[in-house]
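Note that the protein sequences, when read in sequence, are chains A and B. Under the working numbering, the first sequence has 183 at position 183, and the numbering climbs by one with no breaks. Under the working numbering, the second sequence has 247 at position 247, and the numbering climbs by one with no breaks.
Read the hints as simulated data drawn from the structure, not as lab findings. One thing to keep in mind: the hints can contain errors.
The list treats identical chains as one, so a pair stands whether inside a single copy or across any two.
[Said to hold, decoys possible] With a Cα cut of at most 27 angstroms, we get these calculated BS3-like pairs of lysine-lysine:
hint : residue 1 : residue 2
1    : K96       : K41
2    : K453      : K69
3    : K455      : K439
4    : K138      : K41
5    : K44       : K138
6    : K398      : K69
7    : K453      : K377
8    : K460      : K69
9    : K489      : K69
10   : K47       : K138
11   : K138      : K96
Quantities reported herein were computed from a predicted structural model and do not represent experimental measurements.
The residues making up each chain are set out below.
2 protein chains.
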Amino acid sequence: MSTNPQDNVLATAQAGAAASADAAKQSSKSKKESKLQFQLKTPKGTKDWADKDMVIREAIFSSLSGLFKRHGGVTIDTPVFELREILAGKYGEDSKLIYNLQDQGGELTSLRYDLTVPFARYVAMNNIQNIKRYHIAKVYRRDQPAMTKGRMREFYQCDFDVAGSYDLMVPDAEILAIVVEGLTGLGITEFKVKINHRKILDGLFQVCGVKDEDIRKISSAVDKLDKTPWEVVKKEMVEEKNQPEEVADRIGEYVKLKGSLSEVLETLKKSEALLANETAKQGIDEMSTLLTYVQAFEIEKFVSFDLSLARGLDYYTGLIYEAVTSASAPPTNASELKKQKKSDDEDASEYVGVGSIAGGGRYDNLVNIFATANGKKNQSIPCVGISFGIERIFSLIKLREAQKKDLTIKPSATQVFVMAFGGGPDWKGYLPERMAIAKQLWSQGIETEYVYKAKANPRKQFEAAEKSGAPVAVILGKEEYLEGKLRVKRLGPEFANDDGELIAIDEVITKVQEKLEEAKGSAGVDEVTRLLKGL
Amino acid sequence: MSTNPQDNVLATAQAGAAASADAAKQSSKSKKESKLQFQLKTPKGTKDWADKDMVIREAIFSSLSGLFKRHGGVTIDTPVFELREILAGKYGEDSKLIYNLQDQGGELTSLRYDLTVPFARYVAMNNIQNIKRYHIAKVYRRDQPAMTKGRMREFYQCDFDVAGSYDLMVPDAEILAIVVEGLTGLGITEFKVKINHRKILDGLFQVCGVKDEDIRKISSAVDKLDKTPWEVVKKEMVEEKNQPEEVADRIGEYVKLKGSLSEVLETLKKSEALLANETAKQGIDEMSTLLTYVQAFEIEKFVSFDLSLARGLDYYTGLIYEAVTSASAPPTNASELKKQKKSDDEDASEYVGVGSIAGGGRYDNLVNIFATANGKKNQSIPCVGISFGIERIFSLIKLREAQKKDLTIKPSATQVFVMAFGGGPDWKGYLPERMAIAKQLWSQGIETEYVYKAKANPRKQFEAAEKSGAPVAVILGKEEYLEGKLRVKRLGPEFANDDGELIAIDEVITKVQEKLEEAKGSAGVDEVTRLLKGL
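Using the sequences and the accompanying hints, generate a full structural model.
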């Protein structure tokens, strides 16, 4: 189109766009810095999610909801706050972390602390006999935030729970398969799923001479062994939780046990003392059943039987588990880092990696607590579930993003940018005409933008198009349009000198769709998928 | 496979399944009734979303987020609660409806009342010059709930807002196009988008002799005209808001004006008085500009220029709008219904339909309030936005569902059900074998379930398969499997006598995919799409 007056306009405009794109990068950088000077903030332990992070977050959610659907899950939603008595006495020591709503007349309510208790309330309330449900939603804990570690006061949980009476360990095994499938599906390969059994724990405490009333508090002492050396935990048992030293030592022998499910089972089966204890015996038998299913799912290599895993919550009754990645291991210099800690928004655990990235277990009595508390006949609905810690998984994937220099996540989905070029005293800018074209493209489901100006200069329009990341442009040239013609062209550096195709206005949809196909073909797998799969 | 021992097992099992499916329908009905006797409940004005409703809700969300993406929207997320001072003084009289969190030490916070104020806070805090963002999230208002009307204390808003300095009425017009595109996309065709302009309102109040300090309260009186006859509103103006009767009468003349954008503009342009008022004049000119764009988008027939539309919120500065459906019109017997009202969970407006299903307007000063409040130099970021009322739209679509008797929404996505048939003393039930097959299908992304029992009888397995809605079954026959063979068959009444195909175990993936293709082909457009499009 060398005869065409827009020739040089196009060229210069596109050159300009490229240049000022770098400028944009600069300014967005300095913008981040200037942000610090604002007093405007979100509440402690909460954060805003910006556009690109939302693209990543939604990709994680759709990966996990796809996983849950593959396993027959349905989804439900419950309110962000519950009647206070629903949450009361479900979280042991951690109940102090519950957010209460102010009493403004009417009911006393609190923000949900997890998705499990509301789920149990839902099952009991609706008299449900069995359900596989997943729920992806925010929960609230007035904990000491550790942002970089992904520990927030408002954070997402992705839960999958199976309620109903089934054969021993069958849903439990599938949940373990789901953990493995879920994490590998997010490109996380370096992880272990620690497992243990509450019955084995309780049994071994009895065997070691712990009184029944002391079992839960000893259990929570043991739970610290992932972050604390045995000597310290032993000290706590003896001095704070006044157990005889020999009791602590006996416990020490057991809780040091860890290894593959089959190995540790072998060892436990050699312990006369444990087998003699009814509770422990049950736990060991269940673990042997689990082994068969874990092998059927070919996930044994991911599983580590660890007798020091206890899990904090009171309501677990059977198998418990926790997925940890190598990224979750404490850095060797944790203690020094602790000394240097600056902001009181952060605490020591800031420096022990992202912690466990998924956890859960079996809780057979929780639904029944609600049912009986409401005058229903005792009728137990056994449950087992898993919760993925999204904030922690998200920070792992952000780490991955930071390492991939070539990766550019596009916040918008814009495919087409409609522009108009012209000039002269009678030039009005073709804004209503651009709108009419956009309207046509929208009605075909095509993501389309244009500059919100009656008269926009070509360079500004190319800059906006480049910013939007649209691969295709529709150009209304002043003269061309008067002749009933439009220009459809590919965008991007490699098309700087491509003038596109001049077509009749009524061909715009088909031509645009054709160019979009081209663009898709050359693009390959999209950036977000690359990021999630770790490609 | 007449020589095959499973022959009759299959037949009887499938017959049984069909029968007990009806039984299931029965019991689920009686379950709903028994639900009433529980004291377990969600807080007033909140509700649980059950599986099928979630399928519908997510379809609505994806329809709207698709819409927003088509218009170049990016999405962000903000915390459910904000610092209390962020929300303070933004909602006029309605501020009393804000939920506060209890002071448990630390900051004073409140649940968000809408998504607009957090958005403005976000834009100011991050020094953003322009953004088109959408946000689909829950907001909280301690209002009198009216469940059937879709008025809740916890409810979803779907917001799209455009921030940035652009030519007059350009983004505003696109927002109106989005309202029309969004509602028609949800099969809602009987609706009007009422529009008005705050500058015209303020101007005409001045012209009628209202003192500037009285304008907002007179405006909120006028806002009641959609539910209240003029006589009552006039009474309020004269007696409560002590305006001279002639002032009220003059206002009455103007606010009765409604009709197409072009008609009403014609009328207004004839009013010397209004044109003499600077503010009114500006508003009228802007509406003329809007007309051109509304015509470019071909949405004029949906738009109704209604001078009685005022909108409650303080922060609007320009164009305002509200979409109402015929379903939102008050039933003629509203007053009697009002007398009969039973539960105090409900109030009169319970009986005036679902009200407006989308609303919004231009608010040019809100971002600046946050910016300047935080010592930033005065720098205005004009904004215009729309909020879709999901709960209300949802209840319209539920109404539609109730009318479509043939419609069956499937809560789970299950495609394949793996079963095993056998018998005899040595029969173990092939559970690990079923798990292994399921694992293979999962790894191919195929939604697969099986019964969580070591030994399940064929009938129970067919019932479970039917309940899951899976179109395909994989069957491990005791003898067949020993010979390295599986059976893959279609499910559903029309396949009751189809024994499926006997294949080698390693062909299972390809054969299943083939059968699923068949099933998809015969299924046609899915039920949820039918529901949303009103097909």
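Query raised in the report: Can you list which hints this structure breaks, lowest number first?
Result: none
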